[in-house]
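**Q** Here's the letter readout for the chains.
Number of protein chains: 2
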Amino acid sequence: MKAAQVVDQEVQTGKVSIESTTRRSVSRGLSILDFILRVLAALGTLASAIAMGTTKQTLPFVTRFVRFKAVYKDLPTFTFFVIANSIAFGYLLLSLTISFLHIVKYKAINSRIVLIVFDLVIMGVLMGGASAATAIVSLAHDGNTIANWFPICRQFNSFCQRVSGSLIGSYLAIVLFIILIILSSLVISRR
Amino acid sequence: MKAAQVVDQEVQTGKVSIESTTRRSVSRGLSILDFILRVLAALGTLASAIAMGTTKQTLPFVTRFVRFKAVYKDLPTFTFFVIANSIAFGYLLLSLTISFLHIVKYKAINSRIVLIVFDLVIMGVLMGGASAATAIVSLAHDGNTIANWFPICRQFNSFCQRVSGSLIGSYLAIVLFIILIILSSLVISRR
Numbered sequence: 001m002k003a004a005q006v007v008d009q010e011v012q013t014g015k016v017s018i019e020s021t022t023r024r025s026v027s028r029g030l031s032i033l034d035f036i037l038r039v040l041a042a043l044g045t046l047a048s049a050i051a052m053g054t055t056k057q058t059l060p061f062v063t064r065f066v067r068f069k070a071v072y073k074d075l076p077t078f079t080f081f082v083i084a085n086s087i088a089f090g091y092l093l094l095s096l097t098i099s100f101l102h103i104v105k106y107k108a109i110n111s112r113i114v115l116i117v118f119d120l121v122i123m124g125v126l127m128g129g130a131s132a133a134t135a136i137v138s139l140a141h142d143g144n145t146i147a148n149w150f151p152i153c154r155q156f157n158s159f160c161q162r163v164s165g166s167l168i169g170s171y172l173a174i175v176l177f178i179i180l181i182i183l184s185s186l187v188i189s190r191r
Numbered sequence: 001m002k003a004a005q006v007v008d009q010e011v012q013t014g015k016v017s018i019e020s021t022t023r024r025s026v027s028r029g030l031s032i033l034d035f036i037l038r039v040l041a042a043l044g045t046l047a048s049a050i051a052m053g054t055t056k057q058t059l060p061f062v063t064r065f066v067r068f069k070a071v072y073k074d075l076p077t078f079t080f081f082v083i084a085n086s087i088a089f090g091y092l093l094l095s096l097t098i099s100f101l102h103i104v105k106y107k108a109i110n111s112r113i114v115l116i117v118f119d120l121v122i123m124g125v126l127m128g129g130a131s132a133a134t135a136i137v138s139l140a141h142d143g144n145t146i147a148n149w150f151p152i153c154r155q156f157n158s159f160c161q162r163v164s165g166s167l168i169g170s171y172l173a174i175v176l177f178i179i180l181i182i183l184s185s186l187v188i189s190r191r
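Top line first, the protein sequences correspond to chains W and D.
Quick note on the UniProt record's numbering: the first sequence kicks off at 1 and runs consecutively.
Quick note on the UniProt record's numbering: the second sequence kicks off at 1 and runs consecutively.
So here's chain W without its partners, still in its complex pose (with noise of 0.2 angstroms):
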């Protein structure tokens, strides 16, 4: 009752209704750049999630410390990586469907809300799983002389230097999600 008010008001005023598509346009384009943003984000996680994924070393030699082949497998942290990124991927290509709706019905407040509540919970998981990598690739770089851990990095060069790599997907995904995230409360802010 209230909105068609508004709307009958905009209607008899000509500045209101300029102002009102100057509003309408800036929210379609804030919504096809959530769009561009969660390609790539998708992108992002895929790359990582496939760096990750086909990762190996063999070695052409054996130690006492250190076995042929090295994949990433072998740290249970690298496969939940592999996993978060698997899982945002999965997500991010069903949330262009909605994205896609918001730059038709650029009005849509809801479907908004429900996206941010996932886009959080999501950003969440890829978070937990990139530090998470991190924290052992650190330790596969540096090792820990008082747990008396081994640098493996030592062996396994190539092997850490991918994995190091498949990182930066990751990381990328999460400032774009920190960005759509905000892009989503400016929309429902600018309503």
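Just so you know, these hints were derived from the structure itself, not from any lab.
Keep in mind that a hint or two might mislead.
For chains that are exact copies, the list does not tell them apart, and a pair is met inside one copy or across any two.
Straight-line Cα separation of at most 25 angstroms, SDA-like style, residue types lysine to any residue; simulated pairs [stated by the list, open to error]:
(1) K56 / I146
(2) K107 / F35
(3) K69 / N148
(4) K56 / I32
(5) K69 / F118
(6) K105 / C153
(7) K107 / V26
(8) K69 / I109
(9) K73 / N144
(10) K56 / C153
(11) K69 / T79
(12) K107 / S158
(13) K69 / L33
(14) K73 / F150
(15) K73 / G90
(16) K107 / R24
Given the coordinates of chain W, work out where chain D should sit on it, guided by the hints.
**A** What follows is chain D alone, placed relative to chain W:
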């Protein structure tokens, strides 16, 4: 101008005025809930920082593999955990003042969006610290045979238990942050 017209009509029609009062009191209720959740989250991060920061264990014997004493500073990840929780605690204390202002000025929108931005970043820092610490704690419990990392919890049993326990406060605060950000979006959308 638009807002003024709406208020005008609210005064004219009694029904809308009652609806507006309900809307106002719900917004105020959500603001009070925001304040309480921030206090709880602050207590969680403080407990985590203190529990981790004061943990130490001195062993009655020395072996080739373990030291006399284990403190959190021996593992850089645990140091980061303490710093992350301290930062979150400091931020939550500061945000309490803004949260208190929101109870009085429940119509404020811009300051709520600023809070969402900072909440998101601090939640990310907290999640990073907690999950990195979890990865190391899990390694300390189980070790890793392939990387030849020994489970140090066999020696430092009480140290490990205390460290594991200190994670709880941090994860509680993360869940509260997620609820806080959702609450803020709800209040913004109800405006």
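**Q** If a hint holds in the structure, say so; if it does not, say that too.
**A** Right, here's what the structure says about each hint:
For a Cα distance limit of 25 angstroms, the shortest separation of K56 from I146 across copies, 14 angstroms, qualifies, whereas the shortest one inside one copy, 28 angstroms, does not. In the homo-oligomer, the alpha carbons of K107 and F35 lie at most 25 angstroms apart inside one protomer (16 angstroms), although the nearest pairing across protomers, at 30 angstroms, exceeds that limit. When the C-alpha separation of K69 and N148 is checked against a cutoff of 25 angstroms, the pair qualifies both within a copy, at 22 angstroms, and between copies, at 14 angstroms. In the homo-oligomer, the alpha carbons of K56 and I32 never lie at most 25 angstroms apart, since the shortest distance is 39 angstroms inside one protomer and 53 angstroms across protomers.
When the C-alpha separation of K69 and F118 is checked against a cutoff of 25 angstroms, the pair qualifies neither within a copy, at 38 angstroms, nor between copies, at 43 angstroms. In this assembly of identical chains, the alpha carbons of K105 and C153 never lie at most 25 angstroms apart, being 51 angstroms within a copy and 56 angstroms across copies at closest. Taking identical chains as interchangeable, the C-alpha atoms of K107 and V26 lie at most 25 angstroms apart whether they share a chain (12 angstroms) or sit on different chains (23 angstroms). Within a single copy, K69 and I109 get their C-alpha atoms no closer than 51 angstroms, and across copies no closer than 56 angstroms, so neither meets the 25 angstroms cut-off.
Both within a single protomer and between protomers do K73 and N144 lie at most 25 angstroms apart by alpha-carbon distance, with minima of 22 angstroms and 12 angstroms respectively. Taking the closest pair of Cα atoms, K56 and C153 come within 25 angstroms of each other only inside a single copy of the chain (13 angstroms); across copies the shortest separation is 29 angstroms, beyond that limit. For the homomeric pair K69 and T79, the shortest alpha-carbon distance inside one copy (16 angstroms) is at most 25 angstroms, but the shortest distance between copies (32 angstroms) is not. Taking CA atoms no more than 25 angstroms apart as the test, K107 paired with S158 passes in neither setting, with 50 angstroms inside one copy and 56 angstroms between copies.
With identical chains, the CA atoms of K69 and L33 are never at most 25 angstroms apart, being 43 angstroms at best within one copy and 53 angstroms at best between copies. Taking the shortest alpha-carbon separations for K73 and F150, both the intra-copy value of 19 angstroms and the inter-copy value of 18 angstroms come in at or below 25 angstroms. Taking the shortest Cα distances, K73 and G90 sit within 25 angstroms of each other inside one copy (21 angstroms), while across copies they are farther apart (38 angstroms). Both within a single protomer and between protomers do K107 and R24 lie at most 25 angstroms apart by alpha-carbon distance, with minima of 9 angstroms and 22 angstroms respectively.
Violated hints, listed in ascending order, are 4, 5, 6, 8, 12, 13; each of the other numbered hints is respected by the structure.
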